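The hints should help you fit chain B onto chain A, whose structure is shown.
Same order as they appear, the protein sequences are chains A and B.
Okay, so the first sequence: first residue is 1 according to this note's numbering, each after it adds one.
Okay, so the second sequence: first residue is 1001 according to this note's numbering, each after it adds one.
Calculated from the structure, these hints are not laboratory results.
Note that this is a predicted model, so its numbers are computed, not measured.
Warning: the hint list may mix true and false statements.
[As the list claims (entries may be wrong)] Stretches of chain B that chain A covers, calculated by requiring three or more beta carbons in the stretch to come under 8 Å of a beta carbon on chain A:
1. 1069-1076
2. 1203-1214
[Said to hold, decoys possible] A few chain B residues facing chain A, derived, Cβ under 10 Å:
3. Phe1041
4. Ala1200
5. His1282
[Said to hold, decoys possible] Pairs of lysine to any residue, SDA-like flavour, derived with a Cα cap of 25 Å:
6. B:Lys1207 - A:Val24
7. B:Lys1134 - B:His1066
8. A:Lys155 - B:Pro1056
9. A:Lys2 - B:His1075
10. A:Lys2 - B:Ala1046
11. B:Lys1207 - A:Leu7
12. A:Lys155 - B:Ala1046
13. A:Lys2 - B:Arg1162
14. A:Lys2 - B:His1269
15. B:Lys1207 - A:Ile81
16. A:Lys155 - B:Arg1062
17. A:Lys2 - B:Ala1235
18. A:Lys155 - B:Gly1278
19. A:Lys155 - B:Glu1011
20. A:Lys155 - A:Ala59
21. A:Lys2 - B:Glu1251
22. B:Lys1207 - A:Ala59
23. A:Lys2 - B:Gly1272
24. A:Lys2 - B:Val1203
25. A:Lys2 - B:Gly1278
26. A:Lys155 - B:Thr1019
27. B:Lys1134 - B:Ala1184
For each residue, glycine too, the CB sits at the ideal point set by N, CA and C.
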Amino acid sequence: MKSRFFLLPLASFVLPGGPAYATVYLSPEQAQALMFPDATFQPDPRTLTNKQAKAIEHASGVNVRGRQLKLWRVSNGGWFIVDEVVGKHEFIPFALGLDDAGAVRAVEILEYREAYGGQIREPDWRKQFIGKQAGSKLQLNKSIHNISGATLSCKHITDGVNRLLATYEIAIKETGR
Amino acid sequence: MKSQSKKLAVERAQPWLGTLVSMRVEGLPAADAHRAIDAAFDEVAAIHRLMSFHDPRSDVSRLNSHGYHLPVTVHPSTLDVLHWAQNLSLLSDGCFDVSVAAELVDWQLLPVPAGAVRSPKGSWRDIELRSDGKVRFHRPLWIDLGGIAKGYAVDRATQCLRARGASFSLVNAGGDIRVAGQHAEPIGLDTGPDTQSTVALPVIELKDGSIASSSGHRQRRWHLGRQCGPHVDGASRTPAATDRFVCVIAEQCVMADALTKVVMAKGSHSEGALRRFGASAHIHDPRNGWRHLDAGVEAA
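The shape of chain A in the complex, shown without the other chains (with noise of 0.2 Å):
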């Protein structure tokens, strides 16, 4: 076990946009052949009706803030469907299979894009380092995609899972394979 503790100069460290990272995980496809392996993939995009909508909101308790429904048949049975919530700042994509009686198979996480820390994701203090990214190099040999402090809520993502659940019972399930 090895560790070094340093304090980073941010003038030294900071790219246009700030710090943030963006970590993409995997693709839709990626994603439908790791929950269902050696299946084909039917495209069926739905959009909600107004009382779908509803209908959701109420028994799951979640906003509905899109229509369009990304949604897939599997072939050997089941459904797969690519959505996305927002978390603090950003908007969080993901993957979520459910088994032909509509419960869930698996969650993935398609990406994830977060900023360095609270105030970094402010304007204001963003703004004191616009153009002083071209100065000396950054201390390490790659950039930094684990912050550990701020810990991280997965509500967003139960309540979209919640949401996508209700979806189902509402606007897939009745329609049959």
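What follows is chain B alone, placed relative to chain A:
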């Protein structure tokens, strides 16, 4: 999927343990890396189900509702975490105590557990881990394994990835992070809105070890005229400093997470506990700035 045969880094994330858990694996063909990550997420999911404070079917909930009345059979993993916890309670003179859930419920930082016994009034000393694998409370208790369960899950996932041949792995459960393998990884520290510097970012470069951090800022609230955060000194049953940020580096993540509670409560006086576990800590508060505990730490 692209690059099935190439040995690239594969990284995925799923929501577990009330946070996002991400895993990065290097040194395996992509298909093998995904299978290793699948297995590691299965471990995390099992720990999530066993140790949730909120799920009435978890081991923790069954203990909170029945542990005082009769010995409760728990999963070996739950027993393992309780052994870690009891060991640290003993070595920290009760400063670390999983039964402080009662105070956290009082301060409205945790919900009242469904079906749990009323009026919890014991401590870690009232938890008996029996040789037959059962657990019994000698007084009514509410325990919460939230933080250390996260650290434990990170350790189990790391073991799983290593056993399946990863030459490098990084597992991150909401800031409880374990790095294993050849190269070092920079980890940024988010010290919270009160202590963030506008001129420098604190970074730990970590190789083959674990890091966990805590700060009192985000969840603090007033209760009966005093400021309470999510950390309790188990020995005095009083709130730990709410303006303090601590990060602990230890070999195992379960210990790094548990020790953050001790350092949060005791500050510089936690050196003894850290030394016993070969751990080091970095503390920040507005009055003292940064303090580094442990002679072995290189601070630049």
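Going down the list of hints, with the structure as the test:
{"no.": "1", "hint": "1069-1076", "verdict": "violated (count 0)"}
{"no.": "2", "hint": "1203-1214", "verdict": "holds (count 11)"}
{"no.": "3", "hint": "Phe1041", "verdict": "holds (9 Å)"}
{"no.": "4", "hint": "Ala1200", "verdict": "holds (4 Å)"}
{"no.": "5", "hint": "His1282", "verdict": "holds (5 Å)"}
{"no.": "6", "hint": "B:Lys1207 - A:Val24", "verdict": "holds (24 Å)"}
{"no.": "7", "hint": "B:Lys1134 - B:His1066", "verdict": "holds (12 Å)"}
{"no.": "8", "hint": "A:Lys155 - B:Pro1056", "verdict": "holds (18 Å)"}
{"no.": "9", "hint": "A:Lys2 - B:His1075", "verdict": "violated (33 Å)"}
{"no.": "10", "hint": "A:Lys2 - B:Ala1046", "verdict": "violated (30 Å)"}
{"no.": "11", "hint": "B:Lys1207 - A:Leu7", "verdict": "holds (18 Å)"}
{"no.": "12", "hint": "A:Lys155 - B:Ala1046", "verdict": "holds (19 Å)"}
{"no.": "13", "hint": "A:Lys2 - B:Arg1162", "verdict": "holds (18 Å)"}
{"no.": "14", "hint": "A:Lys2 - B:His1269", "verdict": "holds (23 Å)"}
{"no.": "15", "hint": "B:Lys1207 - A:Ile81", "verdict": "violated (38 Å)"}
{"no.": "16", "hint": "A:Lys155 - B:Arg1062", "verdict": "holds (24 Å)"}
{"no.": "17", "hint": "A:Lys2 - B:Ala1235", "verdict": "violated (32 Å)"}
{"no.": "18", "hint": "A:Lys155 - B:Gly1278", "verdict": "violated (35 Å)"}
{"no.": "19", "hint": "A:Lys155 - B:Glu1011", "verdict": "holds (22 Å)"}
{"no.": "20", "hint": "A:Lys155 - A:Ala59", "verdict": "holds (17 Å)"}
{"no.": "21", "hint": "A:Lys2 - B:Glu1251", "verdict": "holds (9 Å)"}
{"no.": "22", "hint": "B:Lys1207 - A:Ala59", "verdict": "violated (47 Å)"}
{"no.": "23", "hint": "A:Lys2 - B:Gly1272", "verdict": "holds (20 Å)"}
{"no.": "24", "hint": "A:Lys2 - B:Val1203", "verdict": "holds (14 Å)"}
{"no.": "25", "hint": "A:Lys2 - B:Gly1278", "verdict": "holds (11 Å)"}
{"no.": "26", "hint": "A:Lys155 - B:Thr1019", "verdict": "holds (8 Å)"}
{"no.": "27", "hint": "B:Lys1134 - B:Ala1184", "verdict": "violated (40 Å)"}
Consistency with the previously given hints fails for numbers 1, 9, 10, 15, 17, 18, 22, 27, ordered from lowest to highest.
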